[in-house]
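If you read the sequences in order, they're chains C, Z and U. Just so we're aligned, residue -4 is where the first sequence starts under our numbering, counting upward by one. Just so we're aligned, residue 2 is where the second sequence starts under our numbering, counting upward by one. Just so we're aligned, residue 2 is where the third sequence starts under our numbering, counting upward by one.
Any given hint could be a false lead.
Said to hold, decoys possible - Here are the simulated distance ranges between beta carbons:
#1 C:Thr53 to U:Glu65: 46 to 56 Å
#2 U:Ser11 to C:Asp165: 11 to 21 Å
#3 U:Arg96 to C:Arg295: 45 to 55 Å
#4 U:Gly35 to C:Asp117: 25 to 35 Å
#5 C:Asp165 to Z:Leu295: 47 to 57 Å
#6 U:Glu65 to C:Ala15: 49 to 59 Å
#7 Z:Leu218 to C:Ser70: 54 to 64 Å
What the hints assert, rightly or not - Just a sample of chain U residues kept apart from chain C, beta carbon distances all over 10 Å, derived:
#8 Gln22
#9 Arg28
#10 Ser64
#11 Pro88
#12 Val91
#13 Ala92
#14 Ala100
#15 Ala107
#16 Asp111
#17 Ile115
Everything labelled a hint here was simulated from the structure, so no lab data went into it. Small disclaimer: the values here were computed from a predicted structure and weren't measured. For glycine and all other residues, C-beta sits at the position ideal for the given N, C-alpha and C.
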Amino acid sequence: MSTPAAAVETLGLGKRYGHAWALQDCSFRLPPGRIAGLVGPNGAGKSTLLRMLAGISTPSAGEMSVLGWPAGTQSTETLACIGYLDQDRPLYRGFRVSEMLRFGRELNPRWDDTRARRHLDDLAISPRSRIGRLSGGQQAQVALTMCLAKRPELLLLDEPVAALDPLARDDLMHILLQSVVDDGATVLLSSHAVADLATVCDYVIILSASRVQLAGDLDHVLASHRMLLGPAAAAPPVPADGAVVSSVTTGRQTTMIVRAGQLIAGQPASAQPPAGLPIADPAWEVVEPTLDEIVLAYLRHRPQDLPQRPGRWARGAAPVEAR
Amino acid sequence: MTWVAWRVQRPQILAALGAVAMLAVWLTATGLVTGHSPAWKYWTDGDVGLLYALPGLLGLALGAPLVAGEAGHRTQRLAWTQSIPRTRWLAFKLLMGGLVAAGLSAALTALLEWWTKVVSIAASTNSGGFSGVRIQPAAFDVTGIVVVGYTLFAFALGTALGAVIRRPGWAFALGIPVFAAGRLLVEDWWRPHLVGPASYASLTGIPSKAVWNGWLLNSGLVPAGRTSPVPGQTWQASPPASYYTCTNHARSMAADAHCAALAHVHYVMQFQPASHYWALQGAETAIFAGIAVLLLGVTVIAVRKWSS
Amino acid sequence: MIRFRLDPRSGVPAYRQLVDQVRQAVRLGLLQPGDQLPPVREVVTQITINPNTVHRAYRDLESEGLVQGQQGRGTFVLAAPVPAAAPEQVAELHRELVAWVGKARAAGLDDEGIAALVALSVRPPGTSAGATRMAETGREEIAR
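The whole structure should be built from the sequences, with the hints applied where relevant.
Right, dumping it as structure tokens:
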């Protein structure tokens, strides 16, 4: 297989359960070799997206390609290249750890048993243990080990570190990152704790209200957003092609996150010009926001808040009451 | 994958094996005791009838959790993201479960061949007991190859219901009435006509040895020269009034026969003779095997479409 | 071999933190020419960091001429960017500075005043390079 231009590409992808859309109009393009963070609140559609990419859920709308293969290709070849960690970390509870590994060995031609055993050895998880008797953290480690031992080209990990204690979280991330170095795999991992992602990810997809709010290179995302602090009454000095992502007024001060250029969801980040953001208004203090602050701003903002044409946002766009 | 199919289904397979083993011990014990001292127990059709439920319970117990059991801890999400296409995964599981169901039911039916014989010899000294006539439903349903057919039908029914409703308990519970209904429908409406029945006519209404050793379907007084009722009439249709006037005064069987001859009617007994046993066994097994294949098709479609 | 740390709350980009730590280690003589930087695979077992970020930091250091990557062997320290003082000398200088800070405090200077004096002394007379350079590099990063 030749290296595809994108590890994952989706166009207008959507999933409907009954009348409710769990995910709608989702478009993004993840270049290979990246570690992408999929962030958003619970119920934003993160798991739905990952399940569709893993091939266990059928999209209701749109298209997707995974490692260059079109959606829903259920061949041995496609499946062997994808490592999927479900949110529930499903494992056969009556199995011993060694039986779980044999399960992986029997079902995966590229299975790396040495790696699996080394990981579990490092984590002091005995192959004799019953899965059902392991702690939640150990089960998560076994589930991740099952993923990594496939030596996949794409890892889809749904909340891999959720509900883990800091030590287990650290161990798990290190094992994951080590495998990424060894295999050069692309990773798409979801989390609702942005702090986990800041140093690990180099690509970020923000999902909220069943839609992609932002998808792009972490560097570009950071460079194209600014936090403005200024008087509540004044009009913010937002560049003509920019937009206010969120605005919070506390007493006389307004804090807003603004975005330069058209770094719109679905647009490849590399196509974006680096945003200069020449904001020169003495009334406003300009600060570079952290990823945390940017993510929060997008989670606060509602889709209709972003203007279609420049100029309309000028005053009081997306006001959010300070709590 | 063979190991995986075996390991995942091991609890159900072992439970089924245990249940069949316990039953085998019971059958062997009662068979030996009855054979040694026939007076020990008087076996009726009803006693043997309890065994009818066995293929259904066995098949459903193996089939219902086959796919639906994965949904409990969502392990299908693990299985379907390994490097094996879903349909191949399913094929291995169905093959494993199906072979176990067929194997256990075949073993069971082999034991029942012996047991029904022993028990019927003991009962035959009493009237009304379990006759052991193999063409009659009481024995037919627990001997030969139909037991394997019923078990496979129940197994496929369990997997299909499980794949559609995704809950093993519900699939099992719903499977029992469906299995029972399917069995009764075929036995009452289809089996009598699977092979053309034989008829025996007499003026006295005393069955021949062939009728005695066959499965009596219908009997009644029909006009002389016919082997079935006049079209539009049932087997219970009344003969001419002159026949009853005559038999009211008849004091012997010969007199009865004379009355029938005078009224131009005779007794006809429609029955499946013992010689049709294997033809009926084969046809009915084929019917249930066919239904099982259709149900397995439903399972495959449901699993392919399963979006979690 | 150097062991990296990462402060996610500092606001400084992770790769910048790695670059700074290598520079600091070279400056303090903890890393000598010929020493190997930890392989990326090892770095990610110490700190939770994107391997691409480590690659990027090593590339930056390489383009500065501080280290050199050798195909298949690893990344090695080439030479100190400034003549590295001997560790004993550094310790001696540190002691003197601590003594000086004590004197400044006794004279009534607050921390800000001390920092301003230090900055003034570090900057060579008549130029704007030197001490301000580091700060500017940081700002350039923000602007990028």
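Exercise for the section: Of all the hints given earlier, name the ones this structure violates by number, lowest first. Expected result: No numbers; nothing is violated.
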